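Participant: Listed below, chain by chain, are the residues.
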Amino acid sequence: MGAVLEFLASEYVIHLAILVCMYVILAQGLNLTFGLGRLFNLAHVASFAIGAYATALLSVEAEAGFLVCVLASMLTSGLFAVLLGGISLRLTQDYFAIGTLAFSSVVSSLLINWKSLTRGVLGIPGIPRPEIFGFDFYNNTNFLVLIFLVAVISQIFFFMLHRGGFGRFLRGQAEYDEAMLAVGRDTGLVRNISFLLSSATAGLAGSFFAYYLNYIDPSSFSLSEMVFVLTIVVVGRPGSFWGVTLGTAFLVLLPEPLRFIEIDSAYLGPARQLLQAVILFTVVYINRRSLFPPQREV
Amino acid sequence: MDILPQLLVNSLITGSIYALAASGLCLSFALLKILNFAHGHMMMLGAYIFLLFSLDLGNSLPTAGVLALVAMGLVGAVILSVFVMPFLRFSPLLPFVTTLALASMLEAIVSIAFGVNVRSLSTGEELTSWEFGGVFITPIQIIIIVSALVILVTMALIIHGTGVGRRVRALSENQHASQALGIGARRINYTVFIIGTVLAAYAGVLVGYETNLQPTMGNAYTIKAFAAMILGGLGSIWGTVIGSYILGLVENLSIGLDFGGYSLPAGYKDAFAFLIILLVLLFRPQGLFGVKKRSA
Amino acid sequence: MLNVSDIHVSFQKSKILNGISLTVESGETVGIIGPNGSGKTTFFNTLSGFATPSAGSITLNGEDVSSVSADDRAKKGMGRVFQNFGIFKEMTLMENLLVALEARNSIFEALIPWGAKKEARRAKAIEFLEEIHLEARANQKAGSLSGGQMRLLEIVRVLATGANLLLLDEPTAGVSPRMKEEVAAFITKVQAMGKTVLVIEHDITFIQKFCKRIVVLESGTVVLDDTPERVCADERLQEVYFGKKAVGAA
Numbered sequence: 001m002g003a004v005l006e007f008l009a010s011e012y013v014i015h016l017a018i019l020v021c022m023y024v025i026l027a028q029g030l031n032l033t034f035g036l037g038r039l040f041n042l043a044h045v046a047s048f049a050i051g052a053y054a055t056a057l058l059s060v061e062a063e064a065g066f067l068v069c070v071l072a073s074m075l076t077s078g079l080f081a082v083l084l085g086g087i088s089l090r091l092t093q094d095y096f097a098i099g100t101l102a103f104s105s106v107v108s109s110l111l112i113n114w115k116s117l118t119r120g121v122l123g124i125p126g127i128p129r130p131e132i133f134g135f136d137f138y139n140n141t142n143f144l145v146l147i148f149l150v151a152v153i154s155q156i157f158f159f160m161l162h163r164g165g166f167g168r169f170l171r172g173q174a175e176y177d178e179a180m181l182a183v184g185r186d187t188g189l190v191r192n193i194s195f196l197l198s199s200a201t202a203g204l205a206g207s208f209f210a211y212y213l214n215y216i217d218p219s220s221f222s223l224s225e226m227v228f229v230l231t232i233v234v235v236g237r238p239g240s241f242w243g244v245t246l247g248t249a250f251l252v253l254l255p256e257p258l259r260f261i262e263i264d265s266a267y268l269g270p271a272r273q274l275l276q277a278v279i280l281f282t283v284v285y286i287n288r289r290s291l292f293p294p295q296r297e298v
Numbered sequence: 001m002d003i004l005p006q007l008l009v010n011s012l013i014t015g016s017i018y019a020l021a022a023s024g025l026c027l028s029f030a031l032l033k034i035l036n037f038a039h040g041h042m043m044m045l046g047a048y049i050f051l052l053f054s055l056d057l058g059n060s061l062p063t064a065g066v067l068a069l070v071a072m073g074l075v076g077a078v079i080l081s082v083f084v085m086p087f088l089r090f091s092p093l094l095p096f097v098t099t100l101a102l103a104s105m106l107e108a109i110v111s112i113a114f115g116v117n118v119r120s121l122s123t124g125e126e127l128t129s130w131e132f133g134g135v136f137i138t139p140i141q142i143i144i145i146v147s148a149l150v151i152l153v154t155m156a157l158i159i160h161g162t163g164v165g166r167r168v169r170a171l172s173e174n175q176h177a178s179q180a181l182g183i184g185a186r187r188i189n190y191t192v193f194i195i196g197t198v199l200a201a202y203a204g205v206l207v208g209y210e211t212n213l214q215p216t217m218g219n220a221y222t223i224k225a226f227a228a229m230i231l232g233g234l235g236s237i238w239g240t241v242i243g244s245y246i247l248g249l250v251e252n253l254s255i256g257l258d259f260g261g262y263s264l265p266a267g268y269k270d271a272f273a274f275l276i277i278l279l280v281l282l283f284r285p286q287g288l289f290g291v292k293k294r295s296a
Numbered sequence: 001m002l003n004v005s006d007i008h009v010s011f012q013k014s015k016i017l018n019g020i021s022l023t024v025e026s027g028e029t030v031g032i033i034g035p036n037g038s039g040k041t042t043f044f045n046t047l048s049g050f051a052t053p054s055a056g057s058i059t060l061n062g063e064d065v066s067s068v069s070a071d072d073r074a075k076k077g078m079g080r081v082f083q084n085f086g087i088f089k090e091m092t093l094m095e096n097l098l099v100a101l102e103a104r105n106s107i108f109e110a111l112i113p114w115g116a117k118k119e120a121r122r123a124k125a126i127e128f129l130e131e132i133h134l135e136a137r138a139n140q141k142a143g144s145l146s147g148g149q150m151r152l153l154e155i156v157r158v159l160a161t162g163a164n165l166l167l168l169d170e171p172t173a174g175v176s177p178r179m180k181e182e183v184a185a186f187i188t189k190v191q192a193m194g195k196t197v198l199v200i201e202h203d204i205t206f207i208q209k210f211c212k213r214i215v216v217l218e219s220g221t222v223v224l225d226d227t228p229e230r231v232c233a234d235e236r237l238q239e240v241y242f243g244k245k246a247v248g249a250a
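Protein chains in written order, with the working numbering: chain A, 1 to 298; chain B, 1 to 296; chain C, 1 to 250.
No lab work stands behind these hints, which were simulated from the structure alone.
Just so we're clear, the structure is a prediction, and the values are computed from it rather than from any experiment.
Treat the hints with caution; some may be incorrect.
What the hints assert, rightly or not - Each computed DSS-like pair below joins lysine-lysine, with the alpha-carbon atoms no more than 30 Å apart: (1) B:K33 x C:K89; (2) C:K141 x C:K124; (3) C:K75 x C:K117; (4) C:K117 x C:K89; (5) C:K76 x C:K89; (6) B:K33 x C:K15; (7) B:K33 x C:K76; (8) C:K118 x C:K89; (9) C:K212 x B:K33; (10) B:K269 x A:K115; (11) C:K141 x B:K33; (12) C:K124 x C:K89; (13) C:K212 x C:K76; (14) C:K141 x C:K189; (15) C:K117 x C:K15; (16) C:K189 x C:K76; (17) C:K15 x C:K76; (18) C:K75 x B:K33; (19) C:K118 x C:K13; (20) C:K117 x C:K141; (21) C:K117 x C:K76.
Claimed, not checked - One side of the interface only, derived from the structure: several residues of chain B facing chain A at Cβ under 7 Å: (22) N59; (23) S91; (24) L93; (25) F96; (26) S111; (27) A113; (28) I223; (29) P265; (30) D270; (31) F274; (32) I277; (33) L278; (34) L281.
Idealized CB from N, CA, C, for every residue including glycine.
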């Protein structure tokens, strides 16, 4: 028993717990737009990236405090969402997917090429841990407590959205788009708000990503990251609050055993990527009938 | 301004590669109404398979070429039957997710098999360039332009002048009506998709000679193929071809020209495809020549 | 020549066809009517091979085609005209007909753009176009035709495949009143060729011009199957279209 507790308190487990907390915020955001609303937002990880870079730049260049950085991250990501919403209103789902993919690539391109701002592929090192009330957040246990609190608060927030009218509305416009318009509800507004919320929370997650890893570079925000978050939502069942929560834990923890097999570290990343992609495909195949229900006629 | 001719030639080269890649994508879109997110990755895979057969296994170029084409043909058939067909009847959005998963899988597999470092198909000897009136061009580049022309023209002749082409056009307009006339959709869908895959692989090989190969390059090329298609108008092959050359032009001119002393860093080249997509979707979603309405 | 036995078809958890049985003799013309949602188009889709029945069988000329693919059924002589126009609008009239005439060709034949057979087919296509007086527009896009002309083209295209059983789904939909006469006249010509014709229609007066037998569908079952006079006189027809209350009131 003592050994189990010791293991649970080990740095490794704390590290995993931090990751789960961070990704659950990110995944629940996508669960809002893609899960409830079936809006194929492939730019979600771009919001994540923007949040991470905002925090990184502000804390490193301007030595800004925790609250300022987090709020700034959420704000910039939120602004990004406004742009996203601007294009989504006019497009059907398939065009929308391409559009968000394009958006995501523009962000990626800027991160790599706008060297004066982002230092390009060199990334931004030396991001300090947050400083709040003198607590030492370089201690991972403390950091875990902080991110856990934030995760719980955001989970409560998402839970209320799922349960309340907003969630119903969002679900409704996924299946009965024309019917909703006929009843006079503004589906565009609901979509925009869901983008705003999901993007802002992605920015929040990104902020913590930067704070935790202390170094970010464009490669952390690539296609494979997007597929990862999408897989979490699909595996957890899109639109299901608890499903996505559990799915996050499952997918963050699943590839870990790979670490203990004797694989060359160069193969670890691609192996994880392959595993996640196979899981995504398998789950989509199993759920192929229900994943994208056809637009029902009134 | 005297670099303009060179830029135009470069545009022709880039545009040719894009045209070869995008026309395959356009055909599968016209017939199956799917957007293959793994298209760029199929280009990448084709190039790496060719690399395997030629440089790594030491076959002569023609042999490697034939082997690679056959291999990619098989890959195309497998991709269609595993990642697309089982999902089409439930929702056209499902293949998006499955091809996205496929793209990720291909990236991972190639990274494991070939390593993540940059590689190139050219071994240096092909770099001697010729000069025509101030414009430099290498033999490979000439092959690119000429082969693209030959292939595209042949495709045009087949599509508009032969019975096979008529069947393909009929199927792309109305699948049920075509089947009701006795046209077998399945065989044609497979054939067209495989041809598209092989074209993509060939384009990938050309990219390998012109620039470099990296397992992660697939994404950018998928988006460029989409950009060419969207610019030209979804469903219109000519639109896609013209869109490809326009894209090549925009990329090369924007990087090559001096705008009052300011020159855009070359790294932004790829971003133009993305911007074009966004602009077209915002202002003229049907593209330049589009308008195939989606029929049943 | 066509025997449909106890067909059941479901779509997304709702039952559309509930045990339809029908026998049609060679050369017969049968009209199929019924309110919206009674399953008429689904019935045609099942016959053509676009919908799979969960039970029952379809026999064409003595051969069980229940599991035969749509394009193979077409090659066995089953032709279909679609409610919302199966014409290839981006292709010319000539090309529309060529596609039908070439449908039985192998891939290799289909790849060669020249030859004597091609010329013969083009000539045949012109002949077909002459039947509907559109030979002058052979090289125009089919999309430029009026609704009635498109309908005629679609019917003649089906004839070009050599089909003997024609399934016409609402041939007057989208057709101007003036053209309806021409369409009716053409269907009569088709009858005279000895073809077997099934027609779905809303316009009973239109059907009566050439049908000797009318089948009434309601909620996926056959409610009436008789001559036009007797069907129109039958009380149940009123029920089917206007509900039981209306019958009482009348």
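Participant: What are the numbers of the hints that this structure violates, sorted from low to high?
Facilitator: 9, 15, 19, 22 and 27
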